[in-house]
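Sequences listed follow chains S and F, in order.
Going by the working numbering, 112 is the number at position 112 of the first sequence; the sequence numbering is gapless.
When you read off a place in the second sequence, starting at 1, and then add 1000, the result is the number in the working numbering.
Bear in mind the hints are in silico, worked out from the structure with no lab data behind them.
Treat each hint with caution, since some may be false.
[Stated by the list, open to error] Distance ranges between label pairs, derived from CB positions:
no. : chain 1 : residue 1 : chain 2 : residue 2 : range
1   : S       : 39        : F       : 1073      : 44 to 50 Å
2   : S       : 51        : F       : 1072      : 36 to 42 Å
3   : F       : 1071      : S       : 20        : 34 to 40 Å
4   : F       : 1046      : S       : 76        : 20 to 26 Å
5   : F       : 1046      : S       : 38        : 44 to 50 Å
6   : F       : 1026      : S       : 51        : 31 to 37 Å
7   : F       : 1107      : S       : 64        : 23 to 29 Å
8   : F       : 1014      : S       : 116       : 40 to 46 Å
9   : F       : 1084      : S       : 52        : 18 to 24 Å
[Stated by the list, open to error] Examples of chain F residues lying across from chain S (beta carbon under 8 Å, computed):
no. : residue
10  : 1016
11  : 1098
12  : 1100
13  : 1102
14  : 1105
15  : 1107
Ideal Cβ placement from N, Cα and C applies to all residues, glycine included.
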Amino acid sequence: EAGVAQSPRYKIIEKRQSVAFWCNPISGHATLYWYQQILGQGPKLLIQFQNNGVVDDSQLPKDRFSAERLKGVDSTLKIQPAKLEDSAVYLCASSLLGGRARNEQFFGPGTRLTVL
Amino acid sequence: AQTVTQSQPEMSVQEAETVTLSCTYDTSENNYYLFWYKQPPSRQMILVIRQEAYKQQNATENRFSVNFQKAAKSFSLKISDSQLGDTAMYFCAFMRGGATNKLIFGTGTLLAVQP
């Protein structure tokens, strides 16, 4: 079974530029998450989708971050404009919709963003 | 709000020895789940072990086991017969029961297994 795919793996941009990350979850996983992991910290949830609807985006800085999951499968996370403090690893995860298995999240390899 | 605290930024253990990583959490919820995730260097995060709060029995997965003390809000991870491949960052995480599956992570413990 293929895991969660993310691209690009690395991205370097200058502040005030825009950037987009892509995630393809495990086939059949209805729930998709984007986490931000700043160096030295644990991951922090930015947004959670269930199919193509948003379940939780309370910690998403909506003035500069946006995310979509148009067909309920893959997702993109965008930052516009980027700030220095956005330098982090952006992790995508997915899980099944129901039952005990919904509590297990499978993570992708992440995209390491450096903002100069 | 729930919080997760890992007070050991770094730990070291000799190969084949046993090591315990500490985690405490704060919540007023009664229905929740606790997890330990492993993040090897430059590799993706994987689930090590899970504990449901309503279960009194401590979870075990091969060489990994937990000591879940609900009243003390403590959730430590014991790794027996440590192997070089156990070298990684270990994160303790909390999930409230209910509609959302939001994971709240601690700051992690970097474990180095020495040959």
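Restraint satisfaction for residue 1016 of chain F [CB to CB of chain S, less than 8 Å]: violated, 29 Å
Against chain S, is residue 1107 of chain F within 8 Å by beta-carbon distance? Given a least distance of 5 Å, the restraint on residue 1107 of chain F holds.
Please test the hint of 31 to 37 Å on the beta carbon pair from residue 1026 of chain F and residue 51 of chain S. holds, 32 Å
Just to be sure I understand the hint, the distance between the Cβ atoms of residue 1014 of chain F and residue 116 of chain S should be within 40 to 46 Å; is that true here? holds, 41 Å
Looking only at beta-carbon atoms, does the pair residue 1046 of chain F, residue 38 of chain S fall within the given range of 44 to 50 Å? violated, 21 Å
Within 18 to 24 Å or not, the Cβ separation of residue 1084 of chain F and residue 52 of chain S? 43 Å Cβ-Cβ, so the 18 to 24 Å window is violated.
Does 20 to 26 Å hold as the CB distance between residue 1046 of chain F and residue 76 of chain S, or does it fail? The hinted range 20 to 26 Å holds for residue 1046 of chain F and residue 76 of chain S, with Cβ atoms some 24 Å apart.
Using the beta carbons of residue 1107 of chain F and residue 64 of chain S, state whether their distance is inside 23 to 29 Å or not. At roughly 25 Å between Cβ atoms, residue 64 of chain S and residue 1107 of chain F fall inside 23 to 29 Å, so the hint holds.
Restraint check, 8 Å cut-off on beta carbons, for residue 1100 of chain F near chain S: holds, 5 Å
For the hint on residue 1102 of chain F, does the least C-beta distance to chain S fall short of 8 Å? holds, 5 Å
Residue 1098 of chain F as chain S interface residue, shortest Cβ-Cβ below 8 Å: It is violated, given that the least Cβ distance between residue 1098 of chain F and chain S is near 11 Å, above 8 Å.
Please check whether residue 1071 of chain F and residue 20 of chain S have a Cβ separation lying inside 34 to 40 Å. Cβ of residue 1071 of chain F to Cβ of residue 20 of chain S: about 47 Å, so the range 34 to 40 Å is violated.
Of the hints listed earlier, those the structure fails to meet are numbers 1, 3, 5, 9, 10 and 11, in rising order.
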